[in-house]
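Peer 1: One-letter residues, chain by chain:
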Amino acid sequence: MARSPERQAPAAPPTASADEDAPAGFRVHLASFDGPFDLLLSLITKRELDITEIALSAVTDEFLTYLRGLDGPDELDEASEFLVVAVTLLDWKIASLLPQGELVDAEDVALLEARDLLFARLLQYRAFKEVSAWFAERLVAESLRHARSVRLEDRFRERTPELRWTTSLDDFAALALLAMTPREIPVVGLDHLHAPLISIREQAAHVVSLLRRGDPVTFRQLIAGADQKGVVVARFLALLELYRHAAVGFEQLEPLGELTVRWTAENWSDENLVNLGADYGQ
Amino acid sequence: MGSDAETTTEPTEADVEGAPRGIPDHIDVARALEAILMVADEPQSVVGLAAGVGRPVEDVRAALAELVADYDGAAGGPRRGFELREVGGGWRIYVRGELDEVVREFVHTQSPAKLSQAALETLAVIAYKQPISRGAIASIRAVNVDSVVRTLLGRGLITEAFTDSETGAIHYATTELLLTQLGINSLDELPKISPLLDDGSRGFDDVR
Amino acid sequence: MGSDAETTTEPTEADVEGAPRGIPDHIDVARALEAILMVADEPQSVVGLAAGVGRPVEDVRAALAELVADYDGAAGGPRRGFELREVGGGWRIYVRGELDEVVREFVHTQSPAKLSQAALETLAVIAYKQPISRGAIASIRAVNVDSVVRTLLGRGLITEAFTDSETGAIHYATTELLLTQLGINSLDELPKISPLLDDGSRGFDDVR
Numbered sequence: 001m002a003r004s005p006e007r008q009a010p011a012a013p014p015t016a017s018a019d020e021d022a023p024a025g026f027r028v029h030l031a032s033f034d035g036p037f038d039l040l041l042s043l044i045t046k047r048e049l050d051i052t053e054i055a056l057s058a059v060t061d062e063f064l065t066y067l068r069g070l071d072g073p074d075e076l077d078e079a080s081e082f083l084v085v086a087v088t089l090l091d092w093k094i095a096s097l098l099p100q101g102e103l104v105d106a107e108d109v110a111l112l113e114a115r116d117l118l119f120a121r122l123l124q125y126r127a128f129k130e131v132s133a134w135f136a137e138r139l140v141a142e143s144l145r146h147a148r149s150v151r152l153e154d155r156f157r158e159r160t161p162e163l164r165w166t167t168s169l170d171d172f173a174a175l176a177l178l179a180m181t182p183r184e185i186p187v188v189g190l191d192h193l194h195a196p197l198i199s200i201r202e203q204a205a206h207v208v209s210l211l212r213r214g215d216p217v218t219f220r221q222l223i224a225g226a227d228q229k230g231v232v233v234a235r236f237l238a239l240l241e242l243y244r245h246a247a248v249g250f251e252q253l254e255p256l257g258e259l260t261v262r263w264t265a266e267n268w269s270d271e272n273l274v275n276l277g278a279d280y281g282q
Numbered sequence: 283m284g285s286d287a288e289t290t291t292e293p294t295e296a297d298v299e300g301a302p303r304g305i306p307d308h309i310d311v312a313r314a315l316e317a318i319l320m321v322a323d324e325p326q327s328v329v330g331l332a333a334g335v336g337r338p339v340e341d342v343r344a345a346l347a348e349l350v351a352d353y354d355g356a357a358g359g360p361r362r363g364f365e366l367r368e369v370g371g372g373w374r375i376y377v378r379g380e381l382d383e384v385v386r387e388f389v390h391t392q393s394p395a396k397l398s399q400a401a402l403e404t405l406a407v408i409a410y411k412q413p414i415s416r417g418a419i420a421s422i423r424a425v426n427v428d429s430v431v432r433t434l435l436g437r438g439l440i441t442e443a444f445t446d447s448e449t450g451a452i453h454y455a456t457t458e459l460l461l462t463q464l465g466i467n468s469l470d471e472l473p474k475i476s477p478l479l480d481d482g483s484r485g486f487d488d489v490r
Numbered sequence: 491m492g493s494d495a496e497t498t499t500e501p502t503e504a505d506v507e508g509a510p511r512g513i514p515d516h517i518d519v520a521r522a523l524e525a526i527l528m529v530a531d532e533p534q535s536v537v538g539l540a541a542g543v544g545r546p547v548e549d550v551r552a553a554l555a556e557l558v559a560d561y562d563g564a565a566g567g568p569r570r571g572f573e574l575r576e577v578g579g580g581w582r583i584y585v586r587g588e589l590d591e592v593v594r595e596f597v598h599t600q601s602p603a604k605l606s607q608a609a610l611e612t613l614a615v616i617a618y619k620q621p622i623s624r625g626a627i628a629s630i631r632a633v634n635v636d637s638v639v640r641t642l643l644g645r646g647l648i649t650e651a652f653t654d655s656e657t658g659a660i661h662y663a664t665t666e667l668l669l670t671q672l673g674i675n676s677l678d679e680l681p682k683i684s685p686l687l688d689d690g691s692r693g694f695d696d697v698r
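Residue numbers (the numbering used here), protein chains in the order written: chain A, 1 to 282; chain B, 283 to 490; chain C, 491 to 698.
None of these hints come from the bench; they were simulated from the model.
Among these hints, one or two may not hold up.
As the list claims (entries may be wrong) - Among chain A residues calculated to face chain B with C-beta under 7 Å, some are:
| no. | residue |
| --- | --- |
| 1 | L144 |
| 2 | R145 |
| 3 | R148 |
| 4 | L152 |
| 5 | R157 |
| 6 | P161 |
| 7 | L163 |
| 8 | R164 |
| 9 | F172 |
| 10 | A173 |
| 11 | L177 |
| 12 | A179 |
| 13 | M180 |
Said to hold, decoys possible - Quick look at which bits of chain B chain C covers, simulated, 3 or more residues with Cβ under 8 Å:
| no. | region |
| --- | --- |
| 14 | 369-380 |
| 15 | 388-402 |
Claimed, not checked - Listed next, the in silico BS3-like pairs over lysine-lysine satisfying Cα-Cα at most 25 Å (straight line):
| no. | chain 1 | residue 1 | chain 2 | residue 2 |
| --- | --- | --- | --- | --- |
| 16 | C | K619 | A | K129 |
| 17 | C | K682 | C | K604 |
| 18 | C | K604 | C | K619 |
| 19 | C | K682 | C | K619 |
| 20 | A | K129 | C | K604 |
| 21 | A | K129 | C | K682 |
Note that CB positions come from ideal geometry on N, CA and C, so glycine has one too.
Model the full structure from these sequences, guided by the hints.
Peer 2: This is the structure in structure tokens:
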């Protein structure tokens, strides 16, 4: 996986598709780039633009402004698409910003692999997005076709085997209920907006206390007992922060596989905890 | 699908302008007619067909006669496994009589003895919301229910209750056979399901 | 008539006695197939048709090819207003594409609501990576896909293929209905997406 990014460039989806969407879609105005968001993505995937030069927060601000001007289902679609891409870019940017240096040790290789993995994920996402247009076209085209589907002539009906009825009255009512219950309408959960604030620092303290015992601990074990998503997120961010302080090391054998964390700090004092999470406003 | 198609179709611009409607000149009437007859569920009147293809009645009559002969093998082609017959004032494609036995055998081996889950659910919807149109069923089930409704009709579990005179939509109701299968005497004995729906059922107010 | 008919139907007497079933010798296979296709309301597999007419699969395949050419006008007759298509794993009579416009007034089939972009993308992921768990879909789409998967299940476009005995995760696969609605006959006809992924896809090994 640790091949040079340039060799992957031809795999990037053609810019043409980005240009098609361009007139109607979201445009970005930045110091380093001015144009449609989709083109920005294309350029980044082709590595013609350095991800580290893009201020994602500025892109996000512009996007929110753009969304306010939209209406209806388009807004939801565009918003979710933006989120998917932005999250991937964010992952990728984090990987890009982390210290790299020369290719001297295994950790650096692992880091590059992580970057490539994210890159592959972005490509894959775009591939499915592009091919979904084919699905949409085919579904519409085929819905205009007419298959012969007429009522069976009476003279053949008598030959259908006798019906074996096995549904009880109560089961029948349950079926009606099932069939008539409105399908759940997808909603964006708002609960998180009111979630109590969770301190990354406190969660880091918890993580540190577990790790300092010396044995490697899996991420799964680190979040055991966390009953809120926010706690899980905070512990994860705490780990990233600890990594930045070179206090922990990661091991993950396969994508999406078990993540194992080791305590690697040589000079750790709890004072370090005080500044932890400062970037997140706490 | 019905012979009353015209009543539910919005007038096209051509109608409004009084311009002739129908198939483009380069399409042979017989080809357009066989296309229509392949998907029409009900026998089609000559007048209805003429309106559909936008050609004079005599032309349509001649084309129908041509098709009958054609399918009978009189035009040089094979004698088809199907035939075009006029029954009760309308034209419809039927299985040719001498192949009835083949089709009977096929229908027998292909028809499941049990209803599918989709058929049962649709039947349940009809039972609780009858009389109900196919469109209304489809919008509740969020799927195309045409073939399922046909199966239920074929099984004698539902019947066509009436046709809405304005929309032309056929409304379906359940039959005595369903009551017998469920072991009840009347629809009043169906378990009440409204209390369960109260929580999330807005928009389904008329469920009994 | 379901494709799973065989599993629910009692064996006929003929089966039990081991007597030969099928159409009489003097009837042409193509004619018998035509007759059967007139009553079929879903795609008919070659194997099912062969069982129906009691002839070898090769004979049926040849007769179907003959009918396709015949209806297309390649056998000397007219190019028919209908055609025989292999779609969704079976054969079925369709109105010829160029006449769809003409017949539209005669059929009121309600086409289901269009799928959202999110549903289309999820459907694409499932189509290419099936069988696939909800979690795996979510990791590709990077969003929660629960409600979209429910929609696709409700529309009959995907189905629960199996449940992993260790993790309990349900794995999803696409259905024949999806193929029918896409107008293709098998998953092999999906556009190849590997050129887009070849270079960056290691770790995503089984993407076509």
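Peer 1: Hint by hint, say whether it matches the structure.
Peer 2: Do the hints match the structure? See the list:
1. Interface hint at L144/A: violated, since its Cβ lies 13 Å from the closest Cβ of chain B, which is beyond the 7 Å cut-off.
2. Below 7 Å, beta-carbon pairs count as interface contacts, and R145/A has none with chain B, the closest being about 10 Å; its hint is therefore violated.
3. Of the supplied interface hints, the one on R148/A holds, with its beta-carbon coming within about 5 Å of a beta-carbon of chain B, less than 7 Å.
4. About 5 Å separates the beta-carbon of L152/A from the nearest beta-carbon of chain B, less than 7 Å, and the hint is met.
5. The restraint placing R157/A at the interface with chain B holds, with a minimum CB-CB distance near 5 Å, inside the 7 Å limit.
6. Annotation: P161/A was flagged as interfacial toward chain B, and the flag holds, the nearest CB pair being 5 Å apart, inside 7 Å.
7. With a cut of 7 Å, the hint placing L163/A at the interface with chain B holds, because the nearest CB-to-CB distance is about 6 Å.
8. Taken as an interface hint, R164/A checks out: its beta carbon lies about 5 Å from the nearest beta carbon of chain B, inside 7 Å.
9. Hint status for F172/A relative to chain B: holds, with the closest Cβ pair at about 6 Å, below 7 Å.
10. For A173/A, the shortest C-beta to C-beta distance to chain B is roughly 4 Å, which falls under 7 Å, so the interface hint holds.
11. With its C-beta approaching chain B no nearer than about 5 Å, L177/A sits inside the 7 Å limit, and its interface hint holds.
12. Interface hint status for A179/A: upheld, as the beta-carbon distance to the closest one in chain B is roughly 4 Å, under 7 Å.
13. Annotation: M180/A was flagged as interfacial toward chain B, and the flag holds, the nearest CB pair being 6 Å apart, inside 7 Å.
14. Counting residues of the region 369-380 of chain B whose beta-carbon sits less than 8 Å from any beta-carbon of chain C gives 5, enough to reach three: the coverage restraint holds.
15. For the region 388-402 of chain B, the proposed coverage by chain C is satisfied: 11 residues have a C-beta within less than 8 Å of a C-beta in that chain, meeting the threshold of three.
16. For the hint pairing K619/C with K129/A, the CA-to-CA distance comes to about 14 Å; that is within 25 Å, so the pair holds.
17. Taking the CA atoms of K682/C and K604/C, the gap is near 24 Å; set against the 25 Å cutoff, the hint holds.
18. Taken as a hint, the K604/C and K619/C pair is honoured in the structure, with Cα atoms around 23 Å apart against an allowance of 25 Å.
19. Taken as a hint, the K682/C and K619/C pair is honoured in the structure, with Cα atoms around 12 Å apart against an allowance of 25 Å.
20. As the CA atoms of K129/A and K604/C are separated by approximately 17 Å, the hinted pair is consistent with the 25 Å bound.
21. Restraint check for K129/A and K682/C: the C-alpha separation of about 14 Å stays at or below 25 Å, so the hint holds.
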